[in-house]
Amino acid sequence: MPSHTFQLNGETVTVDVEDDVRILWVLRDVLGVTGPKYGCGINVCKACTSHINGKAFNPCSVKVADIDADDEITTIEGLADTAPGDGLHPMQEAWLEHDVAQCGYCQPGQIMTAVALVNKVRKEGRAITEADLDTIRNVCRCGTYSRIREAIKTGQDAMARGL
Amino acid sequence: MENHPTEGPSRVSRRSFVGYVIGGATLIAAADLGLAPSAAQAVPIPSVPQVPELYDLNDFLSHCAMPTSNLIAIEVDEKGHAHFALPRMEVGQGITTAVSMLIAEELDLPVDHVHVTLAPARPELLFNQLTGGSNTIISMYTPVRVAAAIARKALLEAAAILLGGTVAQLVSKGGVISAPDGSSVTYGEAAAKAAKPTTEKVEVELKETSQHAVVGKPHRRVDAREAVTGKKKFAMDLDVPDALPTMVCRAPELNGTAVEIKNKGDVETMPGVTHVAIIPTGVAVRAKTFGQCIDAVRALDVTWNSGTVTTMSAKDIRAELKAGQIPLAVPKIGATSVEGEFTFHFRSGSALEPNCAVADVREGKATIWGGLKSPITAQEKIAAALGLLPTDVKVNVVQGGGSFGRKLFFDAALEAAHASKAFGAPVKLMWHRADEPRQGRVHPMAVSRVRATVLAGSVLTFEQRHASVATDFTHGLGERLTAEAAALPTGLSNLTFSESIFLLATEMPYNFGVVTQLLNEPKPAVDRFNTSSVRNIYSPDVATASELMVDQLAKKLKQDPVAFRRRYLKSDVVKRVLDRAAELGDWGRSMPAGTAQGIAIHKEYKGATAVLVEIDCRPETVNREVRDAVTGPRITKALVVADVGLVINPAGVKAQMMGGFSDGMCQALTYSNHLVGGQFLEASWDNSAYTRQWNTPFEFECEVMESHGSQPGGVGEAGVAASMAAVACAYARATGEMPTEFPINFHEPLHFEPKSFIPSVPESPTDGLAYTF
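These protein sequences, in sequence, are chains A and B.
Residue numbering for the first sequence follows the numbering used here, starting at 1 and increasing by one per position.
Residue numbering for the second sequence follows the numbering used here, starting at 1 and increasing by one per position.
Warning: the hint list may mix true and false statements.
[To be verified] Derived pair list, reagent style DSS-like, types lysine-lysine, alpha-carbon separation capped at 30 Å:
1) Lys153/A to Lys231/B
2) Lys55/A to Lys231/B
3) Lys79/B to Lys201/B
4) Lys153/A to Lys123/A
5) Lys523/B to Lys153/A
6) Lys120/A to Lys637/B
7) Lys173/B to Lys217/B
8) Lys196/B to Lys264/B
9) Lys394/B to Lys55/A
10) Lys262/B to Lys637/B
11) Lys523/B to Lys555/B
12) Lys231/B to Lys79/B
13) Lys637/B to Lys153/A
14) Lys55/A to Lys153/A
15) Lys332/B to Lys637/B
16) Lys153/A to Lys217/B
17) Lys332/B to Lys365/B
18) Lys264/B to Lys153/B
19) Lys120/A to Lys231/B
20) Lys315/B to Lys288/B
21) Lys322/B to Lys523/B
22) Lys217/B to Lys231/B
23) Lys173/B to Lys207/B
24) Lys288/B to Lys233/B
25) Lys365/B to Lys421/B
26) Lys637/B to Lys322/B
27) Lys233/B to Lys55/A
Since the hints were made in silico from the structure, they are not lab data.
Note that the structure is predicted; figures quoted are calculated from it, not measured.
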C-alpha cells in the first residue's frame with residue numbers, strides 16, 4: 001500500500017492508501033476529517049471546498065498521489081488557525097453575524113470559497129463586486145444565497161482590518 | 001359535532017395547564033401533547049369546497065397528534081441545564097432553535113443552557129413523530145411550554161425549601177433562583193432536590209405573550225457555531241465502528257432491478273472493496289472509501305430488468321394527465337370566459353446531503369442512524385424487510401442536511417439495512433449525486449387547468465382542475481396504521497389520502513363566486529415514479545396557475561393587479577400582507593421595457609404571504625454567459641411579506657422565506673427534470689438548474705408582520721408558493737406572454753450533455769488542481 005505525506009491543518013500527516021483515491025475520501029474516510037462534505041464528487045457543487053497552499057480547491061477531484069509532502073491543505077477545521085488571534089476566522093464570524101447557515105451542510109465549503117475569493121480580489125487590488133459573487137458555484141439547497149453575499153462583504157471588511 | 005373549541009382533559013383554564021413531574025432520580029417535567037392547539041379543535045371536516053378556511057392541513061396534523069401523543073419530557077441536570085429530546089427532525093428549518101427558545105422562555109434559562117436533541121423512533125407516539133406540513137411548532141408550542149413551566153415550578157418549590165420562605169417570594173432568572181434576602185441557589189442545586197420519588201400531577205400557568213423576553217426576538221441558530229466550524233455532524237460524519245462506505249449501482253431505467261452480476265469476482269478484488277451483493281434497488285458495494293465504491297460501481301457489469309416507465313417521455317405523461325383531467329363544470333362562454341392550462345414538469349426534491357444512512361444489521365438486531373422525518377414508519381418497514389420485530393430495530397434520528405420532503409421517506413435507510421444484512425457487516429450507505437435526480441424522489445408532474453367566468457365587471461366562477469402524477473404519501477402520518485392504509489394495492493387508498501391533503505391545503509382566497517379546486521391522479525399507483533411531498537406539496541403549482549389567471553382577470557377587467565386582488569380578497573390577513581408588499585416594494589413604479597414587477601399572494605399554514613419581485617428579461621441579461629450554467633431572466637429584487645401568526649424566532653422565519661423564495665424562483669424559471677424515454681437526464685447540480693449565485697436577486701428583503709394571531713403558524717414551506725407565482729406573473733408582465741409551462745426554459749435546448757446511464761455514476765475528475773483560486 002503506497003504511503004502519502006502532506007500537511008493538514010498545520011500538522012504533517014501520513015496515510016497508507018491507493019494512489020488514485022481522491023483527497024476528499026482520504027480526509028473523510030481515512031483520516032476522519034468530516035468538515036468537507038460530499039455533494040457531487042465531480043467538482044460541481046463545491047461542498048468539499050478546502051484550501052491548498054492558501055487557494056481554494058475541491059478535494060473530490062484531486063488524487064492523493066498528486067499532493068506533495070510540503071503541500072498545505074486547510075479544511076474548515078483548520079481555517080481559524082490561519083487568521084490572527086485565538087478565535088474564529090473573520091469570515092466564520094461574519095457567517096455567525098448574518099446567521100447564514102440553515103441545515104449547514106454546504107456552509108464549510110461556502111466559507112472556504114468566500115475566504116479564497118476575498119483573498120483573490122484583494123491581490124488584484126480591488127474589492128468584491130456583485131459580478132464576483134455571481135461567479136461562486138457553491139450550491140446551497142436551503143437557498144441562503146442572499147445571506148452568503150452579505151456575509152462575504154462583512155467578512156471582507158473584517159479581513160481587511162486584519163481581525 | 002360541535003364547531004367550537006373544546007377543552008382537553010389536561011387544560012384547566014385559558015392559561016392553566018396540567019402536566020407531570022416524573023418520578024426518578026433527576027428532575028423530569030412532562031406534558032401531554034393533547035395540549036395541542038385550540039384554534040380549530042373538534043371542527044369536523046366539512047364536505048364543502050375550500051375547507052382550509054375552517055380547518056386546514058395543520059389542524060389535521062395537530063389533531064392526529066392529539067389523542068396518542070403521550071408525554072414529552074424536559075430533564076434538568078445537575079448543572080441546571082435543560083435537555084429535551086424533540087420527537088421531530090431538524091433539517092435546517094430551525095425547529096431546534098425555536099424549541100430551545102420556548103423552553104428558555106418558560107424556564108427562565110439562557111438559551112445556551114437548553115439542549116434540544118432529536119428523539120429516536122418512539123412507536124408509542126404513534127401519529128406524533130412525523131416532521132412535515134410545517135407543523136412542528138404549531139403542534140409543539142403549548143406542550144413544550146407546559147413541560148418547561150412545570151420544571152420551573154418544581155425548581156422554585158425545591159428552592160423554597162433550600163432557601164426558606166415561600167415560592168411567591170422567589171425570583172428565577174438566568175438559571176438562578178434568588179430570595180429577598182439576597183441568598184440564591186442555581187437550578188443545578190435545586191434540581192436534585194426537585195426530583196420526586198413518584199410521578200405527580202402538577203398544575204401550572206404559562207406566561208402571557210406580553211411577558212416574553214426570548215420568544216419573538218431574533219435568535220441565532222443554536223447550531224450556528226458548529227455549522228461554521230465544520231463540527232456539525234450529519235449521518236455520514238458519524239463514527240460507527242466498522243461501518244464502511246457503501247454505494248449502490250443502479251439500473252439505467254427508472255426503478256429497474258438487478259438480475260445478475262456478471263463480474264462479481266472481479267469487482268470484489270478491486271482495491272478497497274470488501275463486499276458486493278444484489279439488493280432490491282440495485283447492486284450494493286462496500287469499500288474502504290467512497291471513492292473506491294464509485295470505482296467499483298463503474299466497473300460492475302450487471303444484467304438489469306426494465307424500469308417502471310420504459311420509453312415514456314414528458315410529453316406522454318402530459319397527454320396522460322390531460323386525458324385524465326376532471327372536466328370543468330361551467331361551460332366556456334365566449335368572451336366572458338378566461339382560460340389557461342399550465343404544465344409543471346418533474347423536479348428533483350433532492351437536498352444537498354444525498355440520501356444516506358448508517359445500518360448495522362447483525363444477529364437478529366438492527367440499528368439505523370439517519371435523517372428520518374417518519375422514524376416510526378421507517379422502523380416498522382425496515383423490520384418487515386429484514387424479517388425482524390420492530391422492537392429489534394433501533395432507529396436513531398440524526399440532523400439532516402436539508403430535506404424538502406425527501407426525508408419523509410427512508411429510502412437510504414432501507415437500502416442500508418438490506419446491504420448490511422446481505423454483507424453481515426455495518427455499512428455507511430450514501431447515494432451518488434447522479435442517482436439523486438435520476439432515481440430519487442421528485443415533485444410529481446402536473447397539469448393545471450383553470451377557467452373563470454366574468455360578467456358585468458365581476459368574477460362569477462373560478463374552477464381549477466389539477467391533474468397530477470401520484471404523490472407518494474405512503475409514509476402515512478408517521479406510523480404503521482396510516483402508512484399501511486396509504487399503501488393498499490393499486491394506489492386507490494393513496495389517492496384518497498392525496499385528495500384529503502389537497503383538500504386540506506388548497507385555498508383560493510378570493511371572492512370569485514363559485515370556486516372549485518379539484519385534484520385527481522389519473523394513475524394513482526405510487527410505484528411508477530418515485531415522488532414525495534416536496535416542499536409545499538401542490539401549492540406552488542396550484543398558486544402559480546391561479547395567480548397567473550388572477551392577473552388575466554385583472555387585465556380583462558382593466559384593473560391593476562394589486563387593486564384587483566385587494567377588491568376580491570376575502571381575508572384581512574392576506575390584504576394586509578398584500579398592501580404592505582405593494583407599499584414596501586413601490587408597486588407600480590416605472591420600469592424599463594423588458595423588465596417588470598410581479599406580485600402574488602398565498603394563504604396557507606395559518607398565515608399569509610405576499611411576494612413582489614422585479615424581473616429583467618432584456619436580452620443582455622437573459623443571454624449572459626456562465627460556464628455550464630443556466631442564466632436566462634434574472635430576478636433583480638425580491639420582497640417577501642409574511643404573516644405567520646405568533647412568531648417564535650423572526651430570524652428563523654426570514655431564513656425560511658429566503659429559502660422558500662430560492663425554491664419558488666427556480667421552479668418558475670430553471671429547475672426541472674427532463675424525462676426522456678423512461679429516464680431522467682439530469683445527473684448533476686450543473687444539470688439540474690436549482691438557484692445558484694448567478695440567479696440570486698441583488699436585493700432580497702423579508703418583513704415578518706406583527707400578527708394578530710395568538711398561535712404560531714407554519715413557516716418551513718410558506719414562502720414557496722407565492723414566490724413561484726410572483727416570478728411567473730412578473731415574467732408574463734415583462735414579456736407580454738403568459739407562460740404556460742414550468743420551468744419556462746423547459747423546451748430550450750439542453751444546456752448539458754447527459755451523463756452515461758451505464759455506468760450509472762460518473763468518474764471523479766483528477767484535474768482539480770487546474771481550478772484553484
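Quick rundown of the hints versus the structure:
1. Lys153/A to Lys231/B: OK: Lys153/A and Lys231/B at ~24 Å, within 30 Å.
2. Lys55/A to Lys231/B: Since the Cα atoms of Lys55/A and Lys231/B sit roughly 22 Å apart, the hinted pair holds (cutoff 30 Å).
3. Lys79/B to Lys201/B: This hinted pair holds, its Cα atoms lying about 25 Å apart.
4. Lys153/A to Lys123/A: Holds, at about 16 Å.
5. Lys523/B to Lys153/A: violated (51 Å)
6. Lys120/A to Lys637/B: Cα-Cα ~28 Å, so holds.
7. Lys173/B to Lys217/B: Distance ~18 Å between Lys173/B and Lys217/B Cα, so the pair holds.
8. Lys196/B to Lys264/B: violated (61 Å)
9. Lys394/B to Lys55/A: Violated - the C-alpha atoms of Lys55/A and Lys394/B are around 44 Å apart, more than 30 Å.
10. Lys262/B to Lys637/B: violated (55 Å)
11. Lys523/B to Lys555/B: violated (36 Å)
12. Lys231/B to Lys79/B: This hinted pair holds, its Cα atoms lying about 24 Å apart.
13. Lys637/B to Lys153/A: holds (18 Å)
14. Lys55/A to Lys153/A: Holds - the C-alpha atoms of Lys153/A and Lys55/A are around 19 Å apart, at most 30 Å.
15. Lys332/B to Lys637/B: Distance of about 38 Å is beyond 30 Å: violated.
16. Lys153/A to Lys217/B: The hint holds at about 25 Å.
17. Lys332/B to Lys365/B: Not satisfied, since the Cα-Cα distance of roughly 63 Å exceeds 30 Å.
18. Lys264/B to Lys153/B: Violated, because 64 Å separates the two Cα atoms, which is more than 30 Å.
19. Lys120/A to Lys231/B: holds (27 Å)
20. Lys315/B to Lys288/B: Given pair Lys315/B, Lys288/B is violated - Cα atoms ~43 Å apart, limit 30 Å.
21. Lys322/B to Lys523/B: This hinted pair holds, its Cα atoms lying about 12 Å apart.
22. Lys217/B to Lys231/B: holds (27 Å)
23. Lys173/B to Lys207/B: holds (14 Å)
24. Lys288/B to Lys233/B: The hint holds at about 20 Å.
25. Lys365/B to Lys421/B: holds (10 Å)
26. Lys637/B to Lys322/B: violated (35 Å)
27. Lys233/B to Lys55/A: holds (26 Å)
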